[in-house]
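Given the coordinates of chain Y, assemble chain S onto it according to the supplied hints.
Protein chains: 2
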Amino acid sequence: MAKKLCKQSQNFSEWYNGVVLEAQLADYSGVRGCMVIRPYGYELWENMQRVLDGMFKETGHQNAYFPLLIPESYLKKEAEHVEGFSPELAVVTHGGGKVLEEPLVIRPTSETIIWSMYRKWIMSHRDLPLLYNQWANVVRWEMRTRLFLRTTEFLWQEGHTAHATDSEAQEETMRMLGVYKTFAEEYMAVPVLVGVKSDAQKFAGAVRTYCIEAMMRDRKALQAGTSHNLGQNFAKAFDVTYQDADGSRQFVWATSWGVSTRLIGALVMTHGDDRGLIMPPKLAPIQVVFVPIYRSDDEKSAVLAQCQKLLGEAKAAGLRVHLDDRDQMRPGWKFAQWELKGVPLRIELGPRDLQKQQVTLVSRLGGQKTPLPTDGLAQLLLQKCDEFQDALFQRALEFREEHTYEVDDWADFKERIRQPEGFLNCHWDGTAETEAAIQEQTKATIRLIPLGDDAREGRCVYSGKPSSKRVLFAKAY
Amino acid sequence: MAKKLCKQSQNFSEWYNGVVLEAQLADYSGVRGCMVIRPYGYELWENMQRVLDGMFKETGHQNAYFPLLIPESYLKKEAEHVEGFSPELAVVTHGGGKVLEEPLVIRPTSETIIWSMYRKWIMSHRDLPLLYNQWANVVRWEMRTRLFLRTTEFLWQEGHTAHATDSEAQEETMRMLGVYKTFAEEYMAVPVLVGVKSDAQKFAGAVRTYCIEAMMRDRKALQAGTSHNLGQNFAKAFDVTYQDADGSRQFVWATSWGVSTRLIGALVMTHGDDRGLIMPPKLAPIQVVFVPIYRSDDEKSAVLAQCQKLLGEAKAAGLRVHLDDRDQMRPGWKFAQWELKGVPLRIELGPRDLQKQQVTLVSRLGGQKTPLPTDGLAQLLLQKCDEFQDALFQRALEFREEHTYEVDDWADFKERIRQPEGFLNCHWDGTAETEAAIQEQTKATIRLIPLGDDAREGRCVYSGKPSSKRVLFAKAY
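Chains as they are written, first to last, in this note's numbering: chain Y, 30 to 506; chain S, 30 to 506.
A hint or two may mislead.
Just so you know, same-sequence chains aren't split out, so a pair can sit in one copy or run between any two.
To be verified - Here are the simulated DSS-like cross-link-like pairs (lysine-lysine), alpha carbons at most 25 angstroms apart as the crow flies: (1) K344 / K472; (2) K311 / K86; (3) K36 / K210; (4) K472 / K498; (5) K86 / K338; (6) K149 / K363; (7) K385 / K398; (8) K338 / K385; (9) K127 / K105; (10) K265 / K311; (11) K149 / K33; (12) K106 / K265; (13) K311 / K338; (14) K36 / K363; (15) K498 / K443.
It should be emphasised that the hints constitute simulated quantities derived from the structure, not laboratory data.
Chain Y with its partners taken away, still in its complex shape:
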């Protein structure tokens, strides 16, 4: 029997860990900072992968696979890159019982190993663009780890593209940012803001880092995906040039972009409530769970037969369904269990429903009970899934809007961010000093600088100096 969850309002962090463990998305392993992704969590990840992979292929990308182990010397070729990642490296010093001549690091990200190969593969402008993606595990030695949000090893995809021109690379960077936004909003039902990072927050080795940021139910921000314009930094570090149509050699332009199993944490914290997870139907491992209700053996066989029939029809219609026919548990226990696991729709079916040729539908959002006719049930459920998906997105969007403020006064800022109260749109003077001072005093960081040129003059919330646009401040995961 599942332990009682902590309430979100009591201790959000404890609630989060409880949900992840009790819903069996993941478990702690005996290895420092490494988790095990259990089948229910992994199936969610597989559903995410399937959609994302399809979107990557639609936009012309191919998958490839590059080595896990990277010679230390490769990382050192790009100065900012090695500076950023050095503190987080896991280092292999022994192989096959011997000390290695050169230590190998476990990839924290794959720019260096990939660009060492691009040097072999890119000769002429005809070899460009290279639009590759990799699904892989990476290791970053984090000080404080949290299930899904920050783990020593995590699973992700990393796109690495090579282009003939700066503008093509920029176009690709923005295209993939758009793919991530679409995925977050249309599949995860997680509304996101897009923008560019300040220099202090950008990827080590990037010219510009774009991101999608979402609001969790504790009103903190979570960076859910990044898309980097890497300029010619890695081409120069690895001497990757191409011969252009005029016969002269040019350095290649690069992008990289990634999302990880962190998205699962984002999903949990955007939608979950005191009863547990709430899964968006488009990604839910189980969209509809059938719980049969009976007392006698006669009732049981009639009810189960009807469940099986309706289940078959629902499967045939493409729905992911499950029948909980465990005999040793009571229906009430099962209801709580599937609510904890965030299954969007529950069908209860008892003798009375059987008589009336109906089922009782219970939505994980709201929990109201609705009778539905068994005739044409599969189609009705498909429609209910769509409605659920939309309602979940709207709920998250409203929550974010309720907790987003324009703040122009420093005392106000400090008061607002303390709880944390949410997202603060504020003028910023554009200096790293102000950014650092705000972070030091409040723990809030600049999550993103909005795109577009809806410039509105103002004065920096901290320094009072002139500012040309508002940026987004929040406490963040």
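Frame of chain Y; chain S shown alone:
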């Protein structure tokens, strides 16, 4: 332009490397023994994964993900296991800039980390069976590496199941062996022999190792998949017990089973010829390639329009197709290129074909040209793919049968195996001494002991001692 391939008969090993590199399945990386899987090779792997994953789920398995890094102490808990894998370990000694208190090994296989978790998850007989699979990378520090066949890092799947009884575990072991045989024969078109390994060849930690073995075109054997009955070895090492229906505690029974990117090597070496790869249609990234033929611009636009139309119809019918409309290459060059890459069917379409409302089909097997009507072409191509798949399997089966011998005389054995001439079915006295002596003198090993009880008395080909059945000897990868 692709380099000229070495002939199989000249130097099979050089031919193999040439095909893998020139067909762009993989490339050498700058990291010792690690390769890069290029998009064409990775797409083949994805097709294999999709089919296998479906077969695993059909047989009741779920995917999960366990940590890459394993504490050294875990490996030491199972004596045979650590003895077998110790020489091949890559060891992480530093993390986050500090020396680790306990070194971590990169998983060479995951029994130990998985059984450390099963201890937490298995309490009662109701928790059994656990039928989990993992798609992952593993690292084994091999002395001599070969693209796909033996690489320091490789990709694979590893199933790890836990059962209440020995007989259930044995049933699972055999079920998955059957899944591998079906996959190899029906999808890869690679005929395989199944059997059990001798003690000298079994997995470190297993009670019994079953395998599928295939004959390559140099007549050597390649082990393409293994399924292990692990008995209670890991349950005892990690103290994993369950409470049975009577309330007493029992150790859990285990299996593990895996196939890897080595299958790609098996596919190349079973079907390839002097012109390059030959892909089985069920797994081929491209099943049909269209090569347009034209001289004038007018011809070009008419031919390309027809290609596009037919390509669209073929796609709609579920075929994986590609149009090679590169302007700068001649058709003859393209033909050679797609033959090298092993695309099963080629469609040539020129002005004359256009006039006659036909296309010219060229099969990668045989190479004969056949006119096909454009009307209903997609259906015809589906049928041709099926025929190709069957013919490819038959060709490999006949090749294996031609090169399989019953040998009863030791001088004969030595003569036959020298070339290597193929698979030798011989009586063996069942001792490790004889097995070792034969290997030392001829490099041939026992690939498998056939299943079933078609025992036929005889005398050991080496020692002359009595033997109850023939076993399979061959030189192997």
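Evaluated hints:
Taking identical chains as interchangeable, the C-alpha atoms of K344 and K472 are never at most 25 angstroms apart, the minima being 48 angstroms within one chain and 54 angstroms between chains. Taking identical chains as interchangeable, the C-alpha atoms of K311 and K86 lie at most 25 angstroms apart whether they share a chain (19 angstroms) or sit on different chains (20 angstroms). Taking CA atoms no more than 25 angstroms apart as the test, K36 paired with K210 passes in neither setting, with 30 angstroms inside one copy and 51 angstroms between copies. In this homomeric assembly, K472 and K498 come within 25 angstroms of each other (Cα to Cα) only inside a single copy, at 21 angstroms, whereas the closest approach across copies is 75 angstroms.
For a Cα distance limit of 25 angstroms, the shortest separation of K86 from K338 across copies, 22 angstroms, qualifies, whereas the shortest one inside one copy, 37 angstroms, does not. In this assembly of identical chains, K149 and K363 lie within 25 angstroms of each other by CA distance solely across copies; the values are 23 angstroms between and 57 angstroms within a copy. In this assembly of identical chains, the alpha carbons of K385 and K398 lie at most 25 angstroms apart only when taken from the same copy (15 angstroms versus 65 angstroms across copies). In this assembly of identical chains, K338 and K385 lie within 25 angstroms of each other by CA distance solely inside one copy; the values are 16 angstroms within and 53 angstroms between copies.
Within a single copy, K127 and K105 get their C-alpha atoms as close as 24 angstroms, and across copies as close as 19 angstroms, so both meet the 25 angstroms cut-off. Taking the closest pair of Cα atoms, K265 and K311 never come within 25 angstroms of each other, the shortest separation being 42 angstroms inside a single copy and 42 angstroms across copies. When the C-alpha separation of K149 and K33 is checked against a cutoff of 25 angstroms, the pair qualifies only between copies, where the shortest distance is 19 angstroms, while the shortest distance within a copy is 57 angstroms. For the identical chains of this complex, K106 and K265 are intra-copy neighbours only, at 9 angstroms inside a copy versus 48 angstroms across copies, given an alpha-carbon limit of 25 angstroms.
In this assembly of identical chains, K311 and K338 lie within 25 angstroms of each other by CA distance solely inside one copy; the values are 23 angstroms within and 33 angstroms between copies. In this assembly of identical chains, K36 and K363 lie within 25 angstroms of each other by CA distance solely inside one copy; the values are 20 angstroms within and 65 angstroms between copies. Within a single copy, K498 and K443 get their C-alpha atoms as close as 20 angstroms, which meets the 25 angstroms cut-off; across copies the closest is 84 angstroms, which misses it.
The structure fails to meet hints 1, 3 and 10 from the earlier list, while all remaining hints are met.
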